[in-house]
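> Below are the chains, spelled out letter by letter.
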Amino acid sequence: MRKKLSELKPGESARIVQIDPSVKSRIAGMGIRAGEKVKLASRQPFRGPLVVVVKGRETSLGKSLASLIVVEVKE
Amino acid sequence: MKKILLVGNPNVGKSVMFSRLSGARVVVSNYPGTTVDYTKSRMRVEGKEYEIVDLPGTFSLEPKDKAEEVACKMLEEAKPHTAAVIDVIDATAVERGLYLTLELIERGYPVVVALNMSDAARDRKIKIDVKKLERILGVPVVETIATTGAGLKELVSKIGKAKPTDIEAVKRRLRREKK
Amino acid sequence: MKAKARLSVDERWELVDEISKRVVLRGKYKHTLKDVLSDLSVRPATGIPFMIAVLYGFWMFFGAFAGFFTDGLAVPFFDDHYLPALQGAFPGAGPTMAESSPLYMILVGDPNATNCFEAFGVLTSALFVAFGVVLPAIVAFYLILTILEDCGYLPRLATLADTVLHKIGLHGFAIVPTILSLGCNVPAVYGCRVLETKKQRFMMMTLLGVFIPCAAQIGIMRELIPQYTGLILIYLFFGFFAMGALLNKLIPGRSPEILIDVPPYRSPQRSNVLRKLGLRVRHFLKTAVPFVILGVVVVNLLYWTGVIDWLSRVTEPLFVVWFGVPAATVGALVMAFMRKDMAVGMLGGLASAGVLSTGQLITSVVLVSIYFPCLATFIMIWKEGGTRDLLKSLGVLATSFFVFGGLMHAIVTLAGV
Chain A
7 MRKKLSELKP GESARIVQID PSVKSRIAGM GIRAGEKVKL ASRQPFRGPL
57 VVVVKGRETS LGKSLASLIV VEVKE
Chain B
3 MKKILLVGNP NVGKSVMFSR LSGARVVVSN YPGTTVDYTK SRMRVEGKEY
53 EIVDLPGTFS LEPKDKAEEV ACKMLEEAKP HTAAVIDVID ATAVERGLYL
103 TLELIERGYP VVVALNMSDA ARDRKIKIDV KKLERILGVP VVETIATTGA
153 GLKELVSKIG KAKPTDIEAV KRRLRREKK
Chain C
26 MKAKARLSVD ERWELVDEIS KRVVLRGKYK HTLKDVLSDL SVRPATGIPF
76 MIAVLYGFWM FFGAFAGFFT DGLAVPFFDD HYLPALQGAF PGAGPTMAES
126 SPLYMILVGD PNATNCFEAF GVLTSALFVA FGVVLPAIVA FYLILTILED
176 CGYLPRLATL ADTVLHKIGL HGFAIVPTIL SLGCNVPAVY GCRVLETKKQ
226 RFMMMTLLGV FIPCAAQIGI MRELIPQYTG LILIYLFFGF FAMGALLNKL
276 IPGRSPEILI DVPPYRSPQR SNVLRKLGLR VRHFLKTAVP FVILGVVVVN
326 LLYWTGVIDW LSRVTEPLFV VWFGVPAATV GALVMAFMRK DMAVGMLGGL
376 ASAGVLSTGQ LITSVVLVSI YFPCLATFIM IWKEGGTRDL LKSLGVLATS
426 FFVFGGLMHA IVTLAGV
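Protein chains in written order, with the working numbering: chain A, 7 to 81; chain B, 3 to 181; chain C, 26 to 442.
Derived by calculation from the structure, the hints in this document are not laboratory data. Take these hints with a grain of salt, some might be off.
[To be verified] Using 30 Å as the maximum straight-line C-alpha spacing, the simulated BS3-like pairs for lysine-lysine come out as follows: (1) 155/B with 42/B; (2) 223/C with 68/B; (3) 61/A with 127/B; (4) 53/C with 43/A; (5) 223/C with 129/B; (6) 311/C with 30/A; (7) 163/B with 46/C; (8) 165/B with 134/B; (9) 53/C with 129/B; (10) 53/C with 80/A; (11) 223/C with 66/B; (12) 43/A with 46/C; (13) 45/A with 68/B; (14) 274/C with 68/B; (15) 129/B with 155/B; (16) 9/A with 192/C; (17) 10/A with 43/A; (18) 59/C with 15/A; (19) 155/B with 46/C; (20) 80/A with 127/B; (21) 224/C with 68/B; (22) 42/B with 311/C; (23) 163/B with 30/A; (24) 43/A with 59/C; (25) 80/A with 43/A; (26) 45/A with 15/A; (27) 68/B with 61/A; (28) 173/B with 43/A; (29) 173/B with 46/C; (30) 42/B with 408/C; (31) 61/A with 75/B.
[What the hints assert, rightly or not] Pair by pair, the computed Cβ-Cβ distance ranges are: (32) 62/A with 244/C: 44 to 50 Å; (33) 80/A with 36/C: 23 to 29 Å; (34) 49/B with 65/C: 50 to 56 Å; (35) 247/C with 23/A: 55 to 61 Å; (36) 73/A with 159/B: 45 to 51 Å; (37) 136/B with 80/A: 36 to 42 Å; (38) 162/B with 303/C: 28 to 34 Å; (39) 162/B with 28/A: 40 to 46 Å; (40) 247/C with 52/A: 52 to 58 Å.
Being a predicted model, the structure only gives us computed values, none of them experimental. Ideal Cβ positions, reconstructed from N, Cα and C, are used throughout, including at glycine.
Use the sequences and the hints to build the structure in full.
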């Protein structure tokens with residue numbers, strides 16, 4: 007099932023399938039790119055930032071940025 | 003005076019390495035027109051004086067924010083005077099570091115790779131074949147632990163061996179190495 | 026074939042993965058205590074209480090450290106030994122400040138002052154503020170900040186704080202100058218440099234200058250109305266967010282979202298912490314202290330040329346009608362813009378003489394808190410933001426003064442305090 011990275015539940019893993027071109031190169035250096043596995047470590051309440059794990063390292067990113075990333079979740 | 007630039011992702015122990023490598027007179031400067039600060043000092047390698055500059059941490063040479071932009075600009079401006087770029091990689095997050103390394107190689111910088119925090123990598127049961135990595139990249143690679151100073155002597159001795167290579171050559175060398 | 030081919034983002038990552046497959050071998054990794062802590066300190070349910078504990082500890086340490094050096098060492102030295110010696114030795118003293126020689130006035134200040142804060146000379150107040158007040162504050166602050174940074178907590182703190190701060194267009198890292206300004210606004214204004222865009226830096230400098238009381242202002246509150254200090258602080262934080270939301274709408278510019286690396290926890294290294302601390306403190310002293318001294322000279326000139334007296338006469342009706350305070354306090358309130366301590370003394374005297382009701386006292390304290398804490402803050406904003414930003418900040422200050430002072434007047438009137 008496809009959804010936005012911002013819609014993952016804490017602890018849930020997925021594979022990144024698509025990143026909006028407007029942010030693609032900005033987050034590429036942090037290892038966030040299509041094909042990569044991603045896990046949502048935690049999310050802050052009230053539309054606050056998310057912490058995701060990619061290649062064993064954590065990145066904190068804002069919710070609207072995360073909504074530009076599409077992920078595929080295995081059922 | 004030729005420059006030695008310290009480049010790397012944020013939080014890889016770059017500032018500790020800078021303290022270990024630099025001389026006594028450390029200056030904090032402000033990159034003109036911005037609020038981004040960086041530090042520089044002098045260091046001696048094989049009898050020659052160099053200026054050593056600790057650039058703001060960056061994940062990529064395609065900047066995502068002001069600090070990264072400054073790091074990229076400083077790299078570009080210093081290019082004609084650069085003796086070596088010490089590329090500090092967190093040995094527990096090699097891939098992110100290598101991404102920046104490849105960008106540096108593509109742009110023709112003379113690179114020496116410092117695989118820093120190799121102690122933490124060992125704790126995390128991560129093994130890195132340094133010799134093979136060196137063969138593939140075609141630039142010196144040294145394991146370091148900046149907090150204790152381990153490996154820094156070797157790193158300094160390799161600074162003179164830093165030379166530009168190109169990405170097609172990296173690809174060719176990669177094909178020769180078995181998985 | 027091109028010699029210096031550039032790869033696309035995807036090509037580069039493919040190459041990285043190919044290299045990594047050949048050189049990196051990952052064994053089984055057991056999670057450690059640090060990983061557990063890492064997770065707990067950023068998850069909201071556990072992270073928020075942890076953050077409050079850290080900030081509280083930060084604040085307590087800050088108070089104890091600055092208190093020891095400022096009140097314990099600097100105040101006795103400057104007031105009991107240095108000031109009397111200087112007042113006695115410096116030529117040109119008259120019976121009052123106005124009758125002293127101009128050089129005396131600028132360098133020493135008031136010949137009858139009994140403490141360095143009130144003397145207002147370059148060699149008295151400026152030196153005292155710079156080295157007795159600001160220096161301990163920034164050493165304490167940078168020490169904690171560097172430790173939090175080196176151990177890796179800062180990105181987590183920024184993540185938690187971003188939830189609230191990004192709502193008004195700021196960034197999680199704005200939590201750093203926010204905490205700092207509860208101690209001293211001068212380094213806090215400087216600390217706004219961590220923010221990315223001009224819009225964010227301007228907003229933060231202005232908001233903290235106007236709404237976050239520094240240790241000296243909190244001291245005033247606790248002296249005059251200890252029972253209402255907590256409520257006034259809440260009122261000011263409310264003002265911070267209300268004004269922040271408004272500024273976020275009004276000011277053009279970008280408010281980039283948070284996007285930061287969250288590294289694993291590490292033990293901070295003493296040598297590195299001390300080295301960074303030394304560098305930061307030196308850099309701050311070099312850039313900020315000349316401006317603190319300049320500020321003192323400016324105040325002296327304003328006072329000497331009668332500008333301050335004139336201001337208090339002109340603004341009297343505003344204070345009496347809009348804020349509902351008696352005419353007798355206007356002098357104190359105008360003076361407070363430059364000299365907080367004198368305002369305390371004057372307001373305290375008026376209150377004990379029964380001229381001021383509790384409600385009027387609360388309104389007065391709110392007004393004193395909304396002013397920039399001191400002229401040094403004012404000068405720092407000018408230095409960091411330029412003349413335009415300073416003027417805009419002053420506009421926000423005047424508006425907030427008017428709105429939140431008036432609102433407090435309405436509240437105390439309605440509450441019948």
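> Compare the structure with the hints numbered earlier in the document and write down the numbers of the violated ones, lowest to highest.
Hints 5, 6, 23, 40 are the ones this structure does not satisfy, whereas the remaining hints hold.
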